[in-house]
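**Student:** Chain by chain, the residues run as shown.
There are 2 protein chains.
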Amino acid sequence: MIPHGGNLSRLRQRYPNAPEPLIDLSTGINPYSYPLPAIPETAYTRLPEEVQIRRLKESAATAYGASDPDLIAIAPGTQLLISLLPRVLPAAQVAILSPTYGEHAAVWSAAGAAVLEGAAPEVLESGEVAVLCNPNNPDGRALLPREIEALQTRRMQRGGRLIVDEAFAEFGEAHLSAVPAVPQPGLIVLRSFGKAYGLAGVRLGFLIAEADVVKRVEAALGPWPVSGIAIHLACIALADTTWRQAMNERLAQAGERLDSLLAACGLEPVGGTSLFRLVRHDRAPAIAETLGRAGILVREFPDRPDRLRFGLPPDEAAWSRLENALAVVR
Amino acid sequence: MIPHGGNLSRLRQRYPNAPEPLIDLSTGINPYSYPLPAIPETAYTRLPEEVQIRRLKESAATAYGASDPDLIAIAPGTQLLISLLPRVLPAAQVAILSPTYGEHAAVWSAAGAAVLEGAAPEVLESGEVAVLCNPNNPDGRALLPREIEALQTRRMQRGGRLIVDEAFAEFGEAHLSAVPAVPQPGLIVLRSFGKAYGLAGVRLGFLIAEADVVKRVEAALGPWPVSGIAIHLACIALADTTWRQAMNERLAQAGERLDSLLAACGLEPVGGTSLFRLVRHDRAPAIAETLGRAGILVREFPDRPDRLRFGLPPDEAAWSRLENALAVVR
Numbered sequence: 001m002i003p004h005g006g007n008l009s010r011l012r013q014r015y016p017n018a019p020e021p022l023i024d025l026s027t028g029i030n031p032y033s034y035p036l037p038a039i040p041e042t043a044y045t046r047l048p049e050e051v052q053i054r055r056l057k058e059s060a061a062t063a064y065g066a067s068d069p070d071l072i073a074i075a076p077g078t079q080l081l082i083s084l085l086p087r088v089l090p091a092a093q094v095a096i097l098s099p100t101y102g103e104h105a106a107v108w109s110a111a112g113a114a115v116l117e118g119a120a121p122e123v124l125e126s127g128e129v130a131v132l133c134n135p136n137n138p139d140g141r142a143l144l145p146r147e148i149e150a151l152q153t154r155r156m157q158r159g160g161r162l163i164v165d166e167a168f169a170e171f172g173e174a175h176l177s178a179v180p181a182v183p184q185p186g187l188i189v190l191r192s193f194g195k196a197y198g199l200a201g202v203r204l205g206f207l208i209a210e211a212d213v214v215k216r217v218e219a220a221l222g223p224w225p226v227s228g229i230a231i232h233l234a235c236i237a238l239a240d241t242t243w244r245q246a247m248n249e250r251l252a253q254a255g256e257r258l259d260s261l262l263a264a265c266g267l268e269p270v271g272g273t274s275l276f277r278l279v280r281h282d283r284a285p286a287i288a289e290t291l292g293r294a295g296i297l298v299r300e301f302p303d304r305p306d307r308l309r310f311g312l313p314p315d316e317a318a319w320s321r322l323e324n325a326l327a328v329v330r
Numbered sequence: 001m002i003p004h005g006g007n008l009s010r011l012r013q014r015y016p017n018a019p020e021p022l023i024d025l026s027t028g029i030n031p032y033s034y035p036l037p038a039i040p041e042t043a044y045t046r047l048p049e050e051v052q053i054r055r056l057k058e059s060a061a062t063a064y065g066a067s068d069p070d071l072i073a074i075a076p077g078t079q080l081l082i083s084l085l086p087r088v089l090p091a092a093q094v095a096i097l098s099p100t101y102g103e104h105a106a107v108w109s110a111a112g113a114a115v116l117e118g119a120a121p122e123v124l125e126s127g128e129v130a131v132l133c134n135p136n137n138p139d140g141r142a143l144l145p146r147e148i149e150a151l152q153t154r155r156m157q158r159g160g161r162l163i164v165d166e167a168f169a170e171f172g173e174a175h176l177s178a179v180p181a182v183p184q185p186g187l188i189v190l191r192s193f194g195k196a197y198g199l200a201g202v203r204l205g206f207l208i209a210e211a212d213v214v215k216r217v218e219a220a221l222g223p224w225p226v227s228g229i230a231i232h233l234a235c236i237a238l239a240d241t242t243w244r245q246a247m248n249e250r251l252a253q254a255g256e257r258l259d260s261l262l263a264a265c266g267l268e269p270v271g272g273t274s275l276f277r278l279v280r281h282d283r284a285p286a287i288a289e290t291l292g293r294a295g296i297l298v299r300e301f302p303d304r305p306d307r308l309r310f311g312l313p314p315d316e317a318a319w320s321r322l323e324n325a326l327a328v329v330r
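Chains as they are written, first to last, in my numbering: chain E, 1 to 330; chain W, 1 to 330.
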C-alpha cells in the first residue's frame, strides 16, 4: 500500500482529543472548491449520452489547450488511468523521475515491469516508458514544455513513450503543460479535474494523447466510465475562465502567506506548487505530531522523514489554528 | 460499437418533430429512481476515505447477501468491470450463453480470446471463462442458484471461471442471485447499483468473488475508483429495505400493466424481467418507428428485427402516450 494524504479517520484515531473540525493540509487538492452549481436530476438517473461526453471533451480541450477533443479520453479520476496504463500499454522497462507520486512505480512494478527510478532528469532518456510528474509532487521541480517535447522527440526515435502526469500543472504552473504538443507520437499527458477544482470526490481525470492511445484507453474503460454528475459539473467549471483567473490570484496570495508562516517557524522551503509547499526541518516528525494533536493533518514522507508537505488552509479559522499550532515550534 | 439503449439524442435527430419530453423505454434502468437524499459537500470535495469505502462494501454485502465485505470490489459501473475482466483475468477461450448483453463478447474478442456463443446452456460447460447473464437480458431466461453452483463445481474441476452478470437479479428476480455461493472458487458475480435504483448516471457497480480475484480487480482500479457521491447515495439506498420492498410491488404492478397493454396490441410476450419486457411482432421495426414519431424510444435488436424491448413508463403521462401510440398498431 502506497501511503497517501487525506486520511482524517486515521488522524482522529491517533489523536482522539484533537479539536474538531480537523484541518486537512495533507493533500494537494484545492481547498477553495469550485462552487457547486445545481445538478439536474437526470445527471444522476440517466446514463450519460454520447453528446454529453463529447461536450465534456470539447470543454477539456479548450481548457487544457488540446488541439482536438478526439485526443482526449475521460476517466473516473487520473488514478484509474495511472493504474490502467501498464495494462493498456505494457512495457518491460519503465523509468521514473523520482521521488514523486508513488503510484506510478507501484503499478508498473505490480505489472512486472523493471522500474528504474532516478533523481536526475537523464533517467527519462531510458525505458520503453518514462514517467514524469510535471511539476513534480512534492518538490515542484519542472521541465519546460520545449524540454519535454525535445525529450520525447529523442525517445520516439526508439519508439519510447513518455507519460507526463500534470496533476499540478494548473494556475501558476499552467504554462508548464505539454498538452499543446499532443499528438506528438508517444506523448501521453494526464490531467486531474478534482485537484484543480477542489472536487476530488467527483472522480474525473483526462488522458490526452495521440488518437490510437486514446482509443485503446477508451476500450479498456468501456462506454460510460464517468458519472453524469462529473460531466455536468466539469462542463461548467472548465469553461469558467473568470473563476480560474481569480483562483490563480487567490492561490498565489495564499501561497505567499503560507511561505511567510512556515519560514517564520524555521521550516526551510524546498519546493512546491500553487497548491502545496514542501519544507524541510530536522524535527519534522515532532512538528507533524504537534500539528496532529492540534487537529491539523500534514503530509509526511516515511522515506524522507525531514520533509513535510503543507496544503493551503481552507479558511481564516484554519489559518489561525495553523499559526497557533506552529507558534509552539518556533 | 455495440448498440445500446438510451440514445435520446439520436431519436431527436431522427424524429425532430416528435413530441417532447421524449420517453425513454429503451433501457433496463428502473424509471422509479431512488429519491435523492441530501448529499454533503465533502462527498464532492474530498477523496473518499478507506472507512467510507468499507462502509459501502458492508452495505453491499448485506443488500446482496454476500458473506463478507472483503469479497466485494467497487467500481464506477458494472460496465467498467466487464471491460476490465479480460485484462485482469486473461483467457484464451470464452463461452457465452447468447444472445445477451453484447459487451461481454465484444470485450473478450477485443482482448484476443476465441469467443464461443451458444443458445443452449451446455455452452457454459466450455471455455476457460464462461459468461452467464442471469436473468438474461433481453429474454429473462434464468438458471437457478443451485444450477449455477453445480455448473461452477463442474467447471472448477478444470480450473474454469464463471462470470455471472446479475444486472437484473433484483426485485422479482432477487431469488436467482448466486452471490450467497461466493467465495466458491472461480465464481465471479457482477451487480449493478444504477439499474436497480434508477441512478445509472452515478456509475456504481460491484464485483463479488473470492478474495484473490477481488484483490486483482482492486489493483487494476487503484485506490479511489468510485465517487464520494456514489458512496454516500448507495450506503443509504442499499440499506433501505422498505423502499426495496415497496419497489418490488410497484414494479410487479407496472409490469402486469405493461403486459396487458402490449398483449392488447398483438405484441407477443417472449420474456423479460421486473425492469423490462421483450416482445415479438412481424412488424416490430414499423412499430418502433411509430413509437419513435410519438417520441417514445424502445430497444430494437438489429440481428433479431422482430423483437422489441420495452422498459416501464415512468409516469401516468408516459403510460397514456404509450397507450395512444400503440393504439395505431392495433
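By construction, these hints were calculated from the structure, which means they are not laboratory data. There may be inaccurate statements among the hints.
[Claimed, not checked] So, partial list: chain W residues that the calculated Cβ filter (under 8 Å) puts toward chain E:
1. 4
2. 6
3. 9
4. 17
5. 44
6. 80
7. 82
8. 103
9. 198
10. 199
11. 221
C-beta atoms are modelled at their ideal positions from N, C-alpha and C, and glycine is treated no differently.
**Student:** Please go over all the hints and tell whether each is borne out by the structure.
**Tutor:** Verification of the hints:
With a least beta-carbon distance of about 7 Å to chain E, the hint placing residue 4 of chain W at the interface is held under the 8 Å criterion. Against a cut-off of 8 Å between C-beta atoms, the interface hint on residue 6 of chain W holds, since the closest Cβ of chain E lies about 5 Å away. The beta carbon of residue 9 of chain W comes within 5 Å of a beta carbon in chain E, closer than 8 Å, and the hint placing it at the interface holds. The interface hint given for residue 17 of chain W is broken, as the beta carbon of that residue sits about 19 Å from the closest beta carbon of chain E, more than 8 Å.
Here the hint on residue 44 of chain W is kept, as its CB sits about 5 Å from the closest CB of chain E, short of 8 Å. Contact between residue 80 of chain W and chain E, as hinted, is supported at the beta carbon level, the nearest pair being about 5 Å apart and thus within 8 Å. Taken as an interface hint, residue 82 of chain W checks out: its beta carbon lies about 7 Å from the nearest beta carbon of chain E, inside 8 Å. The beta carbon of residue 103 of chain W is positioned within 8 Å of a beta carbon in chain E (closest approach about 7 Å), and the interface hint is therefore held.
The criterion of a C-beta within 8 Å of any C-beta in chain E is met by residue 198 of chain W, whose closest approach is roughly 6 Å, and the hint holds. Because the beta carbon of residue 199 of chain W sits about 5 Å from the nearest beta carbon in chain E, less than 8 Å, this interface hint is met. For residue 221 of chain W, the interface hint holds, since its Cβ comes within 8 Å of a Cβ in chain E; the closest pair sits about 6 Å apart.
Hint compliance for this structure: hint 4 is the single one not met.
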